[in-house]
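*Asks:* Just so you know, the protein sequences line up as chains A and B, in that order. Per the numbering used here, residue 1 is the first one in the first sequence, and the count goes up by one each step. Per the numbering used here, residue 1001 is the first one in the second sequence, and the count goes up by one each step.
Among these hints, one or two may not hold up.
Straight-line Cα separation of at most 25 angstroms, SDA-like style, residue types lysine to any residue; simulated pairs [to be verified]:
no., chain 1, residue 1, chain 2, residue 2
1, A, 19, B, 1027
2, A, 181, B, 1215
3, B, 1013, A, 127
4, A, 19, B, 1269
5, B, 1173, A, 179
6, B, 1013, A, 255
7, A, 127, A, 87
8, B, 1030, A, 214
9, A, 22, B, 1268
10, B, 1217, A, 178
11, A, 61, B, 1193
12, B, 1013, A, 118
13, B, 1173, A, 175
14, A, 181, B, 1011
15, A, 181, B, 1013
16, B, 1255, A, 52
17, B, 1243, B, 1267
18, B, 1226, B, 1240
19, A, 4, A, 255
20, A, 22, B, 1267
21, B, 1020, A, 239
22, B, 1125, B, 1147
23, B, 1243, B, 1203
24, A, 229, A, 191
25, B, 1205, B, 1193
26, B, 1050, A, 213
27, B, 1020, A, 178
28, A, 23, B, 1028
29, A, 19, B, 1026
30, B, 1184, B, 1204
31, B, 1217, A, 187
32, B, 1030, A, 13
33, A, 22, B, 1185
34, B, 1217, A, 184
35, A, 19, B, 1266
36, B, 1255, A, 121
37, B, 1217, A, 176
38, B, 1173, A, 176
39, A, 19, B, 1271
These aren't lab readings, by the way, just hints derived from the structure by calculation.
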Amino acid sequence: MKVKFALAQINPVLGDLEKNIKKHEEFIERAIQNGADVIVFPELSITGYKLNDLTQEVAIKPYDALLSKIFSLSKKIDISLGFVERGDDEIPYNSAMYIENGRIKNIYRKIYLPTHGMFQELRFFGKGKILRVFNTKYGRVGTVICRDFFHPSLVFLAYAQKADFVFAMSNMPLRGLEGEKPGIQHMVEYAAYTYANFFSQFIVFVNRVGFEDGMGFYGGSFIETPSGKVAGFSGILTENLTFAEVDTEEIFLRRQAFPLLREEDFNLINSNLNRILSEDRNV
Amino acid sequence: MSDLTLNYEIVQKFIVEFIKEEVVSNGFNKGILGLSGGVDSALVAYLSVKALGRENVKALLLPYKMTSPESLTDAMHVVKDLEIPFEKIDITKIADSYFSEVKLNNKLRMGNFLARVRMSIIFDKAAEFNAMVLGTSNKSEFLLGYGTWYGDMAAGIYPIGDLYKTQVWELAKFVGVPDKIIQKKPTADLWPGQTDESELGASYKNLDAVLHLYVDKRRTKEEILKMGFNESLVNNIINRIYKTQFKRTFPPVAKFSSRTVGIDFLYPHDFKR
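Construct all of the structure, not just a fragment, from the sequences and the given hints.
*Replies:* The following block contains the structure:
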C-alpha cells in the first residue's frame, strides 16, 4: 500500500498556543491539498520546547476546544502532533497525540525525559510509562519522542508489537559542528538506519527548526525505509513541509529477505530480562 | 592535543539564522554594534549583514584619543566594504572630563570606564535606531573573563559567544572579513601597544587549546599538564575561569519568596514574542 507522508518541520513560537495552532492548521491544509495521508509534527509542536515555568500555563486536556479545527481537519488526513498534556492525574506530560477522523487514536507520553546539561525536562514533566502501538489505515504505528529514540529498548518495544512505522517526533538542538554534518544529525541518521534495517520498519523522524534561548533545533526530518533508503529529506535549519511517499510492501519484502522478526524470540528476551532483574542488584 | 577545526559553512549558516531569529523574536529588525577595527566586531558585522540586510545593521565607531589610528582605518574599511550606516563619536571629552574630575590615572580603571562609556552610547543609539545591541564577545574572552562587566560584555545577544578566538579567525576568513583585520594582533586598544596575548601571557592558540580541553573535553588539570602544556599557563587559565565566574552568571538574589528572579522564576528568555 502506498502512503503519502507530510513531514511538518516547523518553527513554533515558544509558549504561544494560538499562533502555533494556526500554523498547524495551515500546514495541515497544505498537506490535504497535496493529497497526503498523514502529517507528522515535531515534539511539543503546539507549545515550543524550552517552556520551563510556562509548562503549566500551556498544558491542555487532549480534547481542548483550542484544537477543534484540527480535529475537524483530521477527517481528511491523519495528524500526529506534540503538546503538553494535562493528565487526568493533573500532572503535565510531554505527549504526542494521534488524531484520526475527528478522534484521538492514541496518546503517547514521553518516557525518557533528558535532565542534564541544557535539558531540564524532569523538573517540569511527569514520566510516561507505556509504549502502545496502534492500528491506522496504513499499518501499525508506534511513537517515541526525541530522547526516547536514542533508547533502542523503546524502539524494540515497538518492534515487539509488530510496528510497521515508528514516529520519532523530536526537538533536537544542534551540537557538534566538527564534521561534514552536525554530530547530532549523524547520530540520528545512524540510529534510524540501524533500526529500520534490523526491525524491518519505517522510521519517520520529524524534528523542528528555530532558536530558543540560543539553542538551535536543526531539523533534518526524513523517512528511513526498511531497506535502508532515505525518503524525503527536509534539509537542515529551514522550516518546510516535505512530502514523501512510501510503499508498505517494502516491509513484506524485507521480512522475507531478512527474516529477523520471524526468528525473534520475545519470550526468551522476557525471561532473560526477568532473570537479570531478579539476580543482579546492580541493574 | 585538541582539534578546534569546525565546519565553517554550517557554523556560518547557523549563526546567521540565529541572528535573524533572535533579533526578530526580541521585537527588532535591526542590529547595532560597536566596531573597533578588530576581528570580533568585524565578523559580527559581516554575519549580521547576511542575516538582517546591510541597511539594518548600524556600526558605531567610538574612538578615544589613545585609540590607534589603524583601528579607525580598519573599522572604516569594514563600514565601506559592507556599505552599512555608521556614526563616529569621539569619546575623549566625555571620558577625560571624568578622569580629570576624579584625578584618575590607573590604566585598568580607565580602560573599564572607556568600555562602559562606549556601552552607554551604544545602548542610547540602539534606542534611537530601534535596534538590538549585538554582542561581540567570543568564548575565549568569556571563559577568561577578559572583558568589562557591563561594558563590552553588555549586549542583547552573543552571535559568536561559542567560538574560541582561533575559531573566530577561521570563520572570519570563511565569511570574507578583510585579511588585514584577521592578521593583526588582537588588542582591547585601551592604551597604546596593548595586546591581548601579552596581557594574558600566552598566545590564543595555546589559551584556546587548554580552554577547549578543560571546558569542552572536561580533561583534568593533571591530564592537560601531561600533554605538555606549561604549568603556569594552565594554572593561570583555570584561576581566571574561577575568579571571573561572576561575569557569566546572574548575580545572587537573597531568596525568601516562593518565586525569586534569578533562582526559580524560570521563564525562558525568548517567549511569546
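*Asks:* State for each hint whether it applies.
*Replies:* Hints and how they fare:
A threshold of 25 angstroms between alpha carbons decides the hint, and for residue 19 of chain A with residue 1027 of chain B the separation of about 16 angstroms falls inside it, so the pair holds. Restraint check for residue 181 of chain A and residue 1215 of chain B: satisfied, since their Cα atoms lie roughly 23 angstroms apart, inside the 25 angstroms limit. With a C-alpha separation of about 36 angstroms, the suggested pair residue 1013 of chain B and residue 127 of chain A falls outside the 25 angstroms cut-off, and the hint is violated. With a C-alpha separation of about 18 angstroms, the suggested pair residue 19 of chain A and residue 1269 of chain B falls inside the 25 angstroms cut-off, and the hint holds.
Restraint check: the Cα-Cα separation between residue 1173 of chain B and residue 179 of chain A comes to about 18 angstroms, which is no more than 25 angstroms; the hinted pair holds. Distance restraint check for residue 1013 of chain B and residue 255 of chain A: the Cα-Cα separation of roughly 41 angstroms exceeds the 25 angstroms cut-off, and the hinted pair is therefore not satisfied. A C-alpha spacing of about 11 angstroms is found between residue 127 of chain A and residue 87 of chain A, which places the hinted pair at or below 25 angstroms, so the restraint holds. The straight-line distance between the Cα atoms of residue 1030 of chain B and residue 214 of chain A is roughly 18 angstroms, inside the 25 angstroms bound, and the hint therefore holds.
At most 25 angstroms may separate the alpha-carbon atoms for a hinted pair to count; residue 22 of chain A and residue 1268 of chain B meet this at roughly 22 angstroms. The hinted pair formed by residue 1217 of chain B and residue 178 of chain A meets the criterion: a straight-line CA distance of about 14 angstroms does not exceed 25 angstroms. Restraint check: the Cα-Cα separation between residue 61 of chain A and residue 1193 of chain B comes to about 65 angstroms, which exceeds 25 angstroms; the hinted pair is violated. Taking the CA atoms of residue 1013 of chain B and residue 118 of chain A, the gap is near 22 angstroms; set against the 25 angstroms cutoff, the hint holds.
Distance hint between residue 1173 of chain B and residue 175 of chain A is fulfilled; the C-alpha atoms sit about 22 angstroms from each other, no more than 25 angstroms. Simply put, residue 181 of chain A and residue 1011 of chain B have alpha-carbon atoms about 11 angstroms apart, close enough for the 25 angstroms limit, and the pair holds. At most 25 angstroms may separate the alpha-carbon atoms for a hinted pair to count; residue 181 of chain A and residue 1013 of chain B meet this at roughly 12 angstroms. Of the pairs offered as hints, the one joining residue 1255 of chain B and residue 52 of chain A holds, with about 19 angstroms between alpha carbons and a cut-off of 25 angstroms not exceeded.
Between the alpha carbons of residue 1243 of chain B and residue 1267 of chain B the distance comes to roughly 28 angstroms, so the proposed pair goes past 25 angstroms and is violated. Between the alpha carbons of residue 1226 of chain B and residue 1240 of chain B the distance comes to roughly 21 angstroms, so the proposed pair stays at or under 25 angstroms and holds. A C-alpha spacing of about 22 angstroms is found between residue 4 of chain A and residue 255 of chain A, which places the hinted pair at or below 25 angstroms, so the restraint holds. About 23 angstroms separates the Cα atoms of residue 22 of chain A and residue 1267 of chain B, which keeps this hinted pair within 25 angstroms; it holds.
Of the pairs offered as hints, the one joining residue 1020 of chain B and residue 239 of chain A holds, with about 14 angstroms between alpha carbons and a cut-off of 25 angstroms not exceeded. At most 25 angstroms may separate the alpha-carbon atoms for a hinted pair to count; residue 1125 of chain B and residue 1147 of chain B meet this at roughly 21 angstroms. With a C-alpha separation of about 20 angstroms, the suggested pairing of residue 1243 of chain B with residue 1203 of chain B holds against the 25 angstroms cut-off. Distance restraint check for residue 229 of chain A and residue 191 of chain A: the Cα-Cα separation of roughly 13 angstroms lies within the 25 angstroms cut-off, and the hinted pair is therefore satisfied.
At most 25 angstroms may separate the alpha-carbon atoms for a hinted pair to count; residue 1205 of chain B and residue 1193 of chain B meet this at roughly 20 angstroms. The suggested pairing of residue 1050 of chain B with residue 213 of chain A holds, with an alpha-carbon distance near 21 angstroms, which does not exceed 25 angstroms. With a C-alpha separation of about 23 angstroms, the suggested pair residue 1020 of chain B and residue 178 of chain A falls inside the 25 angstroms cut-off, and the hint holds. Our distance criterion of 25 angstroms between C-alpha atoms is met by residue 23 of chain A and residue 1028 of chain B, whose separation comes to about 22 angstroms.
Between the alpha carbons of residue 19 of chain A and residue 1026 of chain B the distance comes to roughly 16 angstroms, so the proposed pair stays at or under 25 angstroms and holds. Between the alpha carbons of residue 1184 of chain B and residue 1204 of chain B the distance comes to roughly 13 angstroms, so the proposed pair stays at or under 25 angstroms and holds. As the CA atoms of residue 1217 of chain B and residue 187 of chain A are separated by approximately 19 angstroms, the hinted pair is consistent with the 25 angstroms bound. At most 25 angstroms may separate the alpha-carbon atoms for a hinted pair to count; residue 1030 of chain B and residue 13 of chain A meet this at roughly 20 angstroms.
A threshold of 25 angstroms between alpha carbons decides the hint, and for residue 22 of chain A with residue 1185 of chain B the separation of about 52 angstroms lies outside it, so the pair is violated. For the suggested pair residue 1217 of chain B and residue 184 of chain A, the alpha carbons sit about 17 angstroms apart, so the restraint of at most 25 angstroms is met. For the hint linking residue 19 of chain A to residue 1266 of chain B, the alpha-carbon distance of about 22 angstroms falls within 25 angstroms, and the restraint holds. Simply put, residue 1255 of chain B and residue 121 of chain A have alpha-carbon atoms about 24 angstroms apart, close enough for the 25 angstroms limit, and the pair holds.
Annotation: proposed proximity of residue 1217 of chain B to residue 176 of chain A holds, straight-line Cα distance about 12 angstroms (limit 25 angstroms). Our distance criterion of 25 angstroms between C-alpha atoms is met by residue 1173 of chain B and residue 176 of chain A, whose separation comes to about 21 angstroms. Between residue 19 of chain A and residue 1271 of chain B, the direct Cα distance comes to roughly 12 angstroms. Compliance with the 25 angstroms bound is thereby established for this hinted pair.
Hint compliance for this structure: hints 3, 6, 11, 17, 33 are broken, all remaining hints hold.
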